[in-house]
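Participant: All chains should be modelled from the sequences, with the hints used to inform the complete structure.
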Amino acid sequence: MNHAEKAERFIADKQRTAWHDETLWFIRSKRDTAAQKLPEWEQLRNWASDIKAHTLSRLDVYLEEFERNAIANGIIVHWAKDGEEHNQIIEKILKDNQCKRLVKSKSMLTEECHLNAHLKTVGIEVIDTDLGERIVQLRDEPPSHIVLPAIHLKKKDVSDVFTEKLGATPGNEDPEYLTRLARKSLREEFLQSEVAITGVNFAIAETGGIVICTNEGNADMGVNNARVHIACMGIEKLLPKKEHLGVFIRLLTRSATGQPITIYTSHYRKPKPGKEMHLVIVDNGRTRQLASDDFRSSLKCIRCAACFNTCPVYRRSGGHSYDAVVAGPIGSILSPNYDPKKHADLPFASTLCGSCSNVCPVKIDIHDQLWKWRQTLTQQGYTPASKTLMMRVMAFMLGHRGAYAIAGKIGRWTLRQFPQLIRNRWNPWYRQREMPDAPKESFQEWFKKHQKI
Amino acid sequence: MSSRQQILERIRAVRQNEQKLPDELPKRMLPLEELRERFIVSCSITGTGVHVLSSMEEATFLFMQKAGSCSFYIGPGLPGNNSIEDPVRTDYAILKGEFGVAENNAVWLKESSMGDRVIPFASLHLYLLVSEDDLVADMHEAYHKDLIFQEGFGVFIAGPSKTADIEQSLVIGAHGPLSLDILLITNH
Amino acid sequence: MMVTTCSFGKFGLVKKILQVKIALFIPCYIDQFYPDVAKATYFLLKKLGLSVDVPSGQTCCGQPMANSGYNHLSASCNKHFTGIFQGYDFIVSPSASCVLHIREHLSSDNYPDQAESIRKQTFELTEFMTDILKVDQLNARFPHRVGIHQGCHGLRGLHLAGMSETMLPPFSKPEQLLHLVSGIEICYPERIDECCGFGGSFCVFEEAVSVSMGESRISEHEKNQVEFITSNDMSCLMHLEGILKRKKSPVRVKHIAEILNQE
Numbered sequence: 000m001n002h003a004e005k006a007e008r009f010i011a012d013k014q015r016t017a018w019h020d021e022t023l024w025f026i027r028s029k030r031d032t033a034a035q036k037l038p039e040w041e042q043l044r045n046w047a048s049d050i051k052a053h054t055l056s057r058l059d060v061y062l063e064e065f066e067r068n069a070i071a072n073g074i075i076v077h078w079a080k081d082g083e084e085h086n087q088i089i090e091k092i093l094k095d096n097q098c099k100r101l102v103k104s105k106s107m108l109t110e111e112c113h114l115n116a117h118l119k120t121v122g123i124e125v126i127d128t129d130l131g132e133r134i135v136q137l138r139d140e141p142p143s144h145i146v147l148p149a150i151h152l153k154k155k156d157v158s159d160v161f162t163e164k165l166g167a168t169p170g171n172e173d174p175e176y177l178t179r180l181a182r183k184s185l186r187e188e189f190l191q192s193e194v195a196i197t198g199v200n201f202a203i204a205e206t207g208g209i210v211i212c213t214n215e216g217n218a219d220m221g222v223n224n225a226r227v228h229i230a231c232m233g234i235e236k237l238l239p240k241k242e243h244l245g246v247f248i249r250l251l252t253r254s255a256t257g258q259p260i261t262i263y264t265s266h267y268r269k270p271k272p273g274k275e276m277h278l279v280i281v282d283n284g285r286t287r288q289l290a291s292d293d294f295r296s297s298l299k300c301i302r303c304a305a306c307f308n309t310c311p312v313y314r315r316s317g318g319h320s321y322d323a324v325v326a327g328p329i330g331s332i333l334s335p336n337y338d339p340k341k342h343a344d345l346p347f348a349s350t351l352c353g354s355c356s357n358v359c360p361v362k363i364d365i366h367d368q369l370w371k372w373r374q375t376l377t378q379q380g381y382t383p384a385s386k387t388l389m390m391r392v393m394a395f396m397l398g399h400r401g402a403y404a405i406a407g408k409i410g411r412w413t414l415r416q417f418p419q420l421i422r423n424r425w426n427p428w429y430r431q432r433e434m435p436d437a438p439k440e441s442f443q444e445w446f447k448k449h450q451k452i
Numbered sequence: 000m001s002s003r004q005q006i007l008e009r010i011r012a013v014r015q016n017e018q019k020l021p022d023e024l025p026k027r028m029l030p031l032e033e034l035r036e037r038f039i040v041s042c043s044i045t046g047t048g049v050h051v052l053s054s055m056e057e058a059t060f061l062f063m064q065k066a067g068s069c070s071f072y073i074g075p076g077l078p079g080n081n082s083i084e085d086p087v088r089t090d091y092a093i094l095k096g097e098f099g100v101a102e103n104n105a106v107w108l109k110e111s112s113m114g115d116r117v118i119p120f121a122s123l124h125l126y127l128l129v130s131e132d133d134l135v136a137d138m139h140e141a142y143h144k145d146l147i148f149q150e151g152f153g154v155f156i157a158g159p160s161k162t163a164d165i166e167q168s169l170v171i172g173a174h175g176p177l178s179l180d181i182l183l184i185t186n187h
Numbered sequence: 000m001m002v003t004t005c006s007f008g009k010f011g012l013v014k015k016i017l018q019v020k021i022a023l024f025i026p027c028y029i030d031q032f033y034p035d036v037a038k039a040t041y042f043l044l045k046k047l048g049l050s051v052d053v054p055s056g057q058t059c060c061g062q063p064m065a066n067s068g069y070n071h072l073s074a075s076c077n078k079h080f081t082g083i084f085q086g087y088d089f090i091v092s093p094s095a096s097c098v099l100h101i102r103e104h105l106s107s108d109n110y111p112d113q114a115e116s117i118r119k120q121t122f123e124l125t126e127f128m129t130d131i132l133k134v135d136q137l138n139a140r141f142p143h144r145v146g147i148h149q150g151c152h153g154l155r156g157l158h159l160a161g162m163s164e165t166m167l168p169p170f171s172k173p174e175q176l177l178h179l180v181s182g183i184e185i186c187y188p189e190r191i192d193e194c195c196g197f198g199g200s201f202c203v204f205e206e207a208v209s210v211s212m213g214e215s216r217i218s219e220h221e222k223n224q225v226e227f228i229t230s231n232d233m234s235c236l237m238h239l240e241g242i243l244k245r246k247k248s249p250v251r252v253k254h255i256a257e258i259l260n261q262e
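Residue numbers (numbering that gives the first Met the number 0), protein chains in the order written: chain R, 0 to 452; chain A, 0 to 187; chain D, 0 to 262.
Think of the hints as simulated: they come from the structure by calculation, not from any bench.
One or more hints might be untrue.
Listed below are several chain D residues computed to face chain R (Cβ distance under 8 Å; list not exhaustive) [stated by the list, open to error]:
1. D30
2. M162
3. E193
4. F197
5. G198
6. V208
7. R245
Computed Cβ-Cβ distance ranges for the label pairs, DEER-style [to be verified]:
8. A/L61 to D/F170: 49 to 57 Å
9. D/C186 to A/S54: 55 to 63 Å
10. D/F170 to A/G76: 53 to 61 Å
11. R/E4 to D/Q136: 50 to 58 Å
12. R/E187 to D/R245: 53 to 61 Å
13. D/C186 to R/K386: 37 to 45 Å
14. A/L61 to R/E205: 34 to 42 Å
15. A/S43 to D/R245: 47 to 55 Å
16. R/D338 to D/Q18: 55 to 63 Å
17. R/K274 to A/I44: 30 to 38 Å
18. R/R8 to D/R245: 17 to 25 Å
19. R/A17 to D/D52: 43 to 51 Å
Computed from a predicted structure; not experimentally measured.
All residues carry an ideal CB built from backbone N, CA and C; glycine is no exception.
Facilitator: Listed below in structure tokens is the structure:
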């Protein structure tokens with residue numbers, strides 16, 4: 000099933016779609032309010048974009064500097080060229096520590112590498128500790144949004160799964176009650192877990208330290224209770240200097256939720272004495288993206304999801320309709336790099352309205368890249384043959400004035416004389432919309448007769 | 000070739016011209032005046048309690064009153080002795096913050112003031128002590144401080160832990176403390 | 000070219016404008032389905048004292064192929080377009096979306112230099128009126144309550160108005176012109192510049208999302224009790240009109256040229 004078909008299913012529940020749309024639009028509005036309070040907003044975006052572009056242009060230098068400093072800090076650094084290697088590195092650390100069950104805070108990279116599924120096959124259980132991620136994990140489904148993983152669910156859905164899995168009182172849908180229940184159950188996990196996995200929001204080359212941003216405090220509860228901390232990061236997470244964080248921390252949450260900063264902005268530089276800290280630096284297709292002039296700048300992404308919240312298509316189709324680890328506009332330009340065949344539909348799941356590029360705090364030209372992916376995927380043969388045929392006919396007709404004039408005439412005549420040929424349920428335009436009227440004369444035909452006016 | 004080498008080689012193979020870093024970033028963008036008022040307003044937005052007090056002693060006294068008969072923890076550098084052995088089970092904790100940020104109510108906490116890294120997250124109710132003299136305007140100013148990344152661990156805390164993952168209903172008290180109070184020590 | 004040295008005032012500078020060669024580009028779907036919009040544009044420009052050519056045999060800008068991922072098939076369309084429209088000082092069109100496509104993507108192996116200059120010389124009607132002609136009075140009357148639909152390509156592509164996402168000072172070229180129309184009452188929907196969901200072939204390949212987006216635009220305009228929805232992009236209006244008619248709404252659509260030309 001492609002995006003359009005999945006979106007149609009999502010939309011069929013009109014009430015839920017309206018709620019989904021309005022809730023995410025509200026978050027977009029909160030982002031606007033937060034941004035309006037800073038006269039320097041557009042300046043911050045320019046700086047953020049320039050810092051990321053610079054870092055990408057010297058990524059090898061900064062990675063080496065970062066690694067050098069991290070090792071000096073006592074961190075054990077690993078490199079993984081793909082998701083499989085990433086998973087194997089983590090599996091080995093876990094086996095070395097005889098770990099069978101561990102806690103993990105939000106990390107889109109581990110989702111991308113399908114770490115949980117891999118560890119399950121070797122008998123290790125991962126407990127996701129971000130509340131939203133825990134909810135979807137208990138429901139055995141993927142997150143539908145990178146910042147708000149359970150945004151597709153209503154409190155009844157949460158109550159139902161907590162009743163089944165955590166022993167909640169059936170029918171109690173109070174969010175505070177449900178949150179406390181999760182808190183209680185996860186606190187036990189935190190206290191028992193020997194290993195904690197986290198993602199990385201920013202890695203600073205000059206200090207060899209990392210920054211992790213959360214609101215719930217789950218990353219820090221996990222890391223600081225455990226004996227072993229494993230942080231996983233893509234190669235693009237680097238910033239040269241700590242002073243650059245001033246720009247990014249100011250932009251990140253304002254763009255994501257409208258908050259001026261996350262509740263916790265944690266700076267890990269060294270393991271606590273007697274404990275271990277590992278860092279897994281992952282490529283998994285990023286260097287391929289780096290090589291592309293058209294798509295390189297997608298690596299500037301800081302995963303704030305502002306483009307999700309503003310996207311009218313995302314808001315009305317839900318994250319699962321994208322069938323990708325990262326949904327929304329940014330996911331639609333990242334995913335085809337991993338699997339062009341599977342994700343060939345995503346760059347087309349957009350009207351190219353451009354709102355995504357405007358909200359992006361690092362100024363990725365998302366809608367232009369969507370357009371470019373359309374060209375790339377079409378030329379690589381990933382679009383349906385029927386569409387190609389249709390386009391060839393159309394291109395011929397629109398490239399030749401005679402063909403155009405005749406086709407227009409015939410089209411309008413048919414619409415007037417045999418409307419049922421066009422006004423039928425096989426015509427997706429007509430399913431929920433009337434066809435425009437078909438005038439007897441085109442403008443050019445009229446103009447020929449009246450050009451003296 | 001190791002994966003490390005492979006990755007670095009791939010990056011070098013596609014190296015572009017160096018993109019320019021922005022010229023020196025400003026050390027501050029928000030005006031300095033009324034830092035205290037700004038800070039207090041920021042706290043009210045995140046649901047952080049603020050108490051303006053005149054001394055450290057007054058602050059710890061207030062803290063002890065609040066803690067009552069519950070277990071409590073007094074961080075390094077503050078007067079008093081703590082009541083517990085297992086920091087993970089602390090009900091009330093008070094820690095010394097290094098500085099506060101007016102634009103977002105964040106307080107920087109260094110590892111050596113925590114006693115144990117887990118305290119600021121595991122305690123049920125957290126109290127942070129900040130001197131009014133140690134307020135900065137914004138994150139640019141904050142990140143120009145040498146304190147950042149100086150120790151093995153440090154954290155900005157900007158409110159009680161929270162989540163809105165269930166139907167976007169805000170719930171204060173996710174995995175970290177259920178409440179945060181800032182004890183702001185004035186200089187006059 | 001002389002264009003840069005001319006400052007076009009309102010009506011005092013008609014003479015200078017007469018020396019300029021202006022072509023009207025009427026996109027294919029307007030030509031075929033909305034000839035009245037084309038006529039209104041033509042007469043509006045005449046009313047402003049301009050002499051306008053309508054080069055015969057014009058077809059399409061090539062956007063339908065390009066936005067569907069088939070830009071490589073639009074060569075014959077581009078060649079045709081470049082051949083027809085070369086030699087003009089200005090090419091004016093009542094469709095922001097098509098203008099954006101020309102500006103961003105027109106290229107031609109046969110006439111590369113001409114294509115390059117056409118990209119710079121093609122203007123959307125309202126920006127032509129505000130930026131080049133600097134129209135500040137208009138003999139037009141439209142005593143109705145009108146909702147403005149800001150088409151995305153005009154807004155975020157051609158920057159015809161300030162965008163809700165960016166924190167820059169607000170302005171609007173289309174609204175500036177509509178204010179010159181007497182009797183008109185202008186209002187915006189709550190989400191001031193959300194996409195209507197047309198999106199070219201998106202409107203059929205993603206029919207469910209497309210219609211859902213159109214319905215939300217319409218319900219916000221209906222809440223404002225507008226009589227008409229206007230835009231500088233007829234393609235958005237064609238999509239909205241389809242939904243309005245199906246639900247038998249009393250709200251109608253009118254291209255901005257028709258309003259500006261209404262006396």
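Participant: Hints first: check each against the structure and report whether it holds.
Facilitator: Verification of the supplied hints:
1. D30: 5 Å, holds
2. M162: Holds. Min distance 6 Å.
3. E193: 6 Å, holds
4. F197: 7 Å, holds
5. G198: 3 Å, holds
6. V208: 5 Å, holds
7. R245: 5 Å, holds
8. A/L61 to D/F170: 49 to 57 Å: Cβ of A/L61 to Cβ of D/F170: about 53 Å, so the range 49 to 57 Å holds.
9. D/C186 to A/S54: 55 to 63 Å: 59 Å, holds
10. D/F170 to A/G76: 53 to 61 Å: Because 55 Å falls inside the window, the suggested range holds.
11. R/E4 to D/Q136: 50 to 58 Å: 53 Å, holds
12. R/E187 to D/R245: 53 to 61 Å: For D/R245 against R/E187, whose Cβ atoms are near 56 Å apart, the range 53 to 61 Å holds.
13. D/C186 to R/K386: 37 to 45 Å: 39 Å, holds
14. A/L61 to R/E205: 34 to 42 Å: 40 Å, holds
15. A/S43 to D/R245: 47 to 55 Å: 50 Å, holds
16. R/D338 to D/Q18: 55 to 63 Å: The hint (55 to 63 Å, Cβ to Cβ) holds, given that R/D338 and D/Q18 are roughly 58 Å apart.
17. R/K274 to A/I44: 30 to 38 Å: 35 Å, holds
18. R/R8 to D/R245: 17 to 25 Å: 22 Å Cβ-Cβ, so the 17 to 25 Å window holds.
19. R/A17 to D/D52: 43 to 51 Å: Since R/A17 and D/D52 have Cβ atoms about 49 Å apart, the given range 43 to 51 Å holds.
The structure shown violates none of the earlier numbered hints.
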